[in-house]
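There are 2 protein chains.
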Amino acid sequence: MKTYNNPTKENWNALTKRPAIDQKELGDLVTSIIENVKSKGNLALKEYALQFDKVTLNELTVSKEEIEKAKTSVPQELKDAIQLAYGNIYTFHTSQQTTEAVIETVKGVKCWRKSVGIEKVGLYIPGGSAPLFSTILMLGIPTKIAACKEVILCTPPSKDGTINPAILFTADLVGITKIYKAGGAQAIAAMAVGTETIPQVYKIFGPGNQYVTKAKELIQQMGVAIDMPAGPSEVLVIADRTCNPEFVAADLLSQAEHGPDSQVVLLSDSEETLTKCKIAVERQVQLLPRKDTALKALENSTAIVFKNMVECIEFSNQYAPEHLIIASENANQYVNDITNAGSVFLGNYSCESAGDYASGTNHTLPTNGFAKNYSGVSLDSFVKKITFQELNQQGIENIGEAIEIMAEAEGLFAHKNAVTLRLNEIRNDRN
Amino acid sequence: MKTYNNPTKENWNALTKRPAIDQKELGDLVTSIIENVKSKGNLALKEYALQFDKVTLNELTVSKEEIEKAKTSVPQELKDAIQLAYGNIYTFHTSQQTTEAVIETVKGVKCWRKSVGIEKVGLYIPGGSAPLFSTILMLGIPTKIAACKEVILCTPPSKDGTINPAILFTADLVGITKIYKAGGAQAIAAMAVGTETIPQVYKIFGPGNQYVTKAKELIQQMGVAIDMPAGPSEVLVIADRTCNPEFVAADLLSQAEHGPDSQVVLLSDSEETLTKCKIAVERQVQLLPRKDTALKALENSTAIVFKNMVECIEFSNQYAPEHLIIASENANQYVNDITNAGSVFLGNYSCESAGDYASGTNHTLPTNGFAKNYSGVSLDSFVKKITFQELNQQGIENIGEAIEIMAEAEGLFAHKNAVTLRLNEIRNDRN
Numbered sequence: 010m011k012t013y014n015n016p017t018k019e020n021w022n023a024l025t026k027r028p029a030i031d032q033k034e035l036g037d038l039v040t041s042i043i044e045n046v047k048s049k050g051n052l053a054l055k056e057y058a059l060q061f062d063k064v065t066l067n068e069l070t071v072s073k074e075e076i077e078k079a080k081t082s083v084p085q086e087l088k089d090a091i092q093l094a095y096g097n098i099y100t101f102h103t104s105q106q107t108t109e110a111v112i113e114t115v116k117g118v119k120c121w122r123k124s125v126g127i128e129k130v131g132l133y134i135p136g137g138s139a140p141l142f143s144t145i146l147m148l149g150i151p152t153k154i155a156a157c158k159e160v161i162l163c164t165p166p167s168k169d170g171t172i173n174p175a176i177l178f179t180a181d182l183v184g185i186t187k188i189y190k191a192g193g194a195q196a197i198a199a200m201a202v203g204t205e206t207i208p209q210v211y212k213i214f215g216p217g218n219q220y221v222t223k224a225k226e227l228i229q230q231m232g233v234a235i236d237m238p239a240g241p242s243e244v245l246v247i248a249d250r251t252c253n254p255e256f257v258a259a260d261l262l263s264q265a266e267h268g269p270d271s272q273v274v275l276l277s278d279s280e281e282t283l284t285k286c287k288i289a290v291e292r293q294v295q296l297l298p299r300k301d302t303a304l305k306a307l308e309n310s311t312a313i314v315f316k317n318m319v320e321c322i323e324f325s326n327q328y329a330p331e332h333l334i335i336a337s338e339n340a341n342q343y344v345n346d347i348t349n350a351g352s353v354f355l356g357n358y359s360c361e362s363a364g365d366y367a368s369g370t371n372h373t374l375p376t377n378g379f380a381k382n383y384s385g386v387s388l389d390s391f392v393k394k395i396t397f398q399e400l401n402q403q404g405i406e407n408i409g410e411a412i413e414i415m416a417e418a419e420g421l422f423a424h425k426n427a428v429t430l431r432l433n434e435i436r437n438d439r440n
Numbered sequence: 010m011k012t013y014n015n016p017t018k019e020n021w022n023a024l025t026k027r028p029a030i031d032q033k034e035l036g037d038l039v040t041s042i043i044e045n046v047k048s049k050g051n052l053a054l055k056e057y058a059l060q061f062d063k064v065t066l067n068e069l070t071v072s073k074e075e076i077e078k079a080k081t082s083v084p085q086e087l088k089d090a091i092q093l094a095y096g097n098i099y100t101f102h103t104s105q106q107t108t109e110a111v112i113e114t115v116k117g118v119k120c121w122r123k124s125v126g127i128e129k130v131g132l133y134i135p136g137g138s139a140p141l142f143s144t145i146l147m148l149g150i151p152t153k154i155a156a157c158k159e160v161i162l163c164t165p166p167s168k169d170g171t172i173n174p175a176i177l178f179t180a181d182l183v184g185i186t187k188i189y190k191a192g193g194a195q196a197i198a199a200m201a202v203g204t205e206t207i208p209q210v211y212k213i214f215g216p217g218n219q220y221v222t223k224a225k226e227l228i229q230q231m232g233v234a235i236d237m238p239a240g241p242s243e244v245l246v247i248a249d250r251t252c253n254p255e256f257v258a259a260d261l262l263s264q265a266e267h268g269p270d271s272q273v274v275l276l277s278d279s280e281e282t283l284t285k286c287k288i289a290v291e292r293q294v295q296l297l298p299r300k301d302t303a304l305k306a307l308e309n310s311t312a313i314v315f316k317n318m319v320e321c322i323e324f325s326n327q328y329a330p331e332h333l334i335i336a337s338e339n340a341n342q343y344v345n346d347i348t349n350a351g352s353v354f355l356g357n358y359s360c361e362s363a364g365d366y367a368s369g370t371n372h373t374l375p376t377n378g379f380a381k382n383y384s385g386v387s388l389d390s391f392v393k394k395i396t397f398q399e400l401n402q403q404g405i406e407n408i409g410e411a412i413e414i415m416a417e418a419e420g421l422f423a424h425k426n427a428v429t430l431r432l433n434e435i436r437n438d439r440n
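Listed in order, the protein sequences are those of chains A and B.
If you want this note's numbering, it's the position in the first sequence, counting the first as 1, plus 9.
If you want this note's numbering, it's the position in the second sequence, counting the first as 1, plus 9.
The hints are simulated quantities; they were obtained by calculation from the structure and are not laboratory data.
Source: prediction; values computed, not measured.
By construction, the Cβ of each residue, glycine as well, lies at the ideal position given by its N, Cα and C atoms.
Heads up, a few of these hints could be off.
[As the list claims (entries may be wrong)] Calculated cross-link-like contacts (lysine-lysine; reagent style DSS-like; alpha-carbon spacing at most 27 Å):
id, chain 1, residue 1, chain 2, residue 2
1, B, Lys47, A, Lys18
2, B, Lys55, B, Lys78
3, B, Lys26, A, Lys119
4, A, Lys47, B, Lys26
5, B, Lys187, A, Lys18
6, A, Lys187, A, Lys158
[Unchecked claim] Part of the chain B face toward chain A, derived, beta carbon under 8 Å:
id, residue
7, Asp389
8, Ala423
9, His424
[Claimed, not checked] In silico negatives: residues of chain B with every beta carbon more than 12 Å from chain A:
id, residue
10, Pro16
11, Trp21
12, Asn67
13, Lys80
14, Glu86
15, Asp169
16, Gly170
17, Lys187
18, Tyr220
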């Protein structure tokens with residue numbers, strides 16, 4: 010970890026910078042993948058499966074038999090763990106439901122909003138070394154609560170053409186029945202444009218590599234919504250003297266093991282505490298199966314001592330971390346000062362892995378400083394809020410003249426006329 | 010208006026299509042504008058002002074004197090009208106504030122969300138024939154409620170270098186003090202990258218022409234958030250026998266006068282009603298100052314008779330209109346069937362111009378079918394929701410084992426270890 014001691018504020022901006030991701034050269038390749046899926050449909054997906062996943066697929070759709078078989082092969086203790094997480098995530102996301110009041114802004118003018126689930130939603134779950142069934146919980150459970158009508162899931166098959174059983178078990182648990190063997194940019198393309206087998210959706214969620222990220226960016230320009238822009242995962246830990254350095258080290262490493270590009274930042278108001286945490290990191294990292302990955306991430310990571318906790322929080326707000334851990338017995342007193350963060354973990358027992366898996370909060374969060382302008386995934390991400398209004402005669406009488414004056418001042422006389430006709434009719438009725 | 014009678018469902022898709030907008034060729038031009046503003050700052054903005062707005066600007070910033078002068082030159086009746094609209098919009102958007110409960114998902118695990126205003130917000134208000142001060146209310150009032158720290162406004166000057174007084178009056182009313190004379194793609198670029206004078210912001214709102222729309226799309230890829238993707242404005246009116254055909258015609262025309270590319274759709278379960286409405290449109294359009302514009306928009310507009318109201322609503326949901334007017338005395342009974350729309354106007358006295366100006370709802374809404382996957386602007390658009398969690402010892406004991414099992418199954422042993430260390434410490438403390 011690169012260590013800094015009381016950097017001046019002029020240097021903060023440089024210290025909050027993430028490595029630039031140059032995706033320009035990806036654009037042509039991913040555009041061609043999207044065009045290919047658009048013109049050749051299923052055939053393109055099967056060709057890419059052969060090329061990238063090294064597997065010949067007869068069927069893109071995961072069969073009921075495959076799902077049933079997977080359900081029997083997941084160990085009971087993992088099923089129970091997933092069920093526990095399911096319950097907590099369900100509870101927290103259900104609490105995000107709102108029934109908004111009908112507001113009578115002036116007599117006779119009623120306005121309100123109604124949440125309606127986005128009808129067609131696509132989830133992408135990457136393949137590779139880690140089967141991210143936890144992300145299915147995070148994205149699937151809110152689709153149930155939002156009552157999205159059609160939810161589909163794409164995930165790449167392994168070389169033998171199968172899908173990890175925990176993925177299928179979890180998808181089944183959240184009620185997703187349409188699961189397709191498709192990965193990478195081509196899976197995103199398929200959900201955006203539709204194929205003979207895979208339905209077109211209105212919004213696409215889920216993590217992925219740089220090809221997936223680029224594909225999501227491109228299909229967004231085609232009018233398909235996405236969860237949020239993506240970047241490497243990151244954690245910022247603020248640790249004071251009341252922290253447990255071993256816990257801090259473990260939290261930093263659980264971010265570092267994600268990938269060599271993971272961003273790990275440690276702040277403290279105490280040089281001694283910072284040093285203790287760093288020593289613990291050096292010791293713990295040696296024991297990790299993903300040690301090499303973690304060591305690479307740590308090379309680019311930062312540890313900074315600041316004068317006091319106020320400065321730590323201020324720097325954190327400028328960094329806008331995806332995950333912010335306040336490793337302090339007094340964490341609660343800083344809550345109101347936090348302005349930019351994806352998800353915040355308060356105190357010595359709130360480890361990031363709690364939120365990653367089972368506490369109830371969502372783990373799909375804004376990275377790369379996007380916590381300044383984006384929220385993490387929540388129930389809100391799966392609904393549209395439609396506004397309604399109902400004016401009666403009294404209502405249009407109360408605000409009609411103001412509308413006429415404003416419309417005329419904006420030069421929009423048909424807008425004015427729509428009111429004038431109504432006001433005249435009401436006056437004529439009265440006479 | 011092109012008229013169709015009971016089209017079969019196979020033809021619905023074609024009837025819901027908007028004209029394709031080809032912005033590809035704009036890309037290079039707008040990219041060069043953004044690059045130019047990035048490298049030359051204020052100088053580039055002044056050069057573009059000379060080129061596009063035909064004005065030599067010494068200062069980009071609107072002075073306090075200009076604002077004070079504007080305030081005295083706005084007619085009192087317009088001020089009063091704007092004040093009335095302000096009150097209603099403020100009331101409705103304040104009702105969108107939520108204080109979310111702290112949820113204890115299991116004993117010792119507390120999760121909650123906190124809304125925090127986006128710190129730096131930029132508003133764009135186009136120039137041209139219509140001074141859209143109403144849009145300043147719609148975008149400015151929620152920034153006040155959300156307590157966004159820095160709100161700036163860019164709008165192009167007229168040829169004499171001034172800004173319409175109603176624009177300045179309204180900006181002052183909503184508390185915006187930083188107003189800059191900059192228009193078009195270059196204004197969006199300036200707010201996205203910052204210049205010597207114009208601060209860089211995190212999210213940009215506001216309507217504009219195709220250059221502005223393209224610039225917003227491009228700066229979104231640079232990490233700056235935008236309100237939503239844009240397209241021509243549109244209304245869909247469902248009128249049954251209980252409608253007032255003159256009102257329906259006036260509402261259709263208040264959409265048609267926006268621009269030649271405005272989308273206007275009329276549905277009815279009664280051919281007789283449809284005909285009455287069309288005749289009223291033909292009569293009323295002759296009286297409009299913007300008659301030529303409205304006539305062009307009407308050329309591309311559609312009137313469709315369906316078997317019944319159920320089919321009308323079904324078609325409307327597939328079309329996903331920005332504005333949906335249900336011109337019927339029984340409008341309320343269809344509320345629960347509406348799944349895709351930006352804003353809905355119920356009954357014969359709820360004209361679109363009410364929502365455009367003064368009822369309280371926001372008029373920045375999803376066009377182009379985006380009502381399927383995007384909400385209109387609301388208080389939500391100006392805040393991030395940050396999740397918090399706090400686990401105590403009992404909390405991590407309750408969910409720790411589940412996290413360990415899930416993390417291990419995903420191959421993430423550092424994630425597991427962060428829990429194991431804590432559980433061990435708790436057990437050691439106890440012994």
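Would you list, in rising numerical order, the hints stated earlier that this structure does not obey?
-> 3, 14
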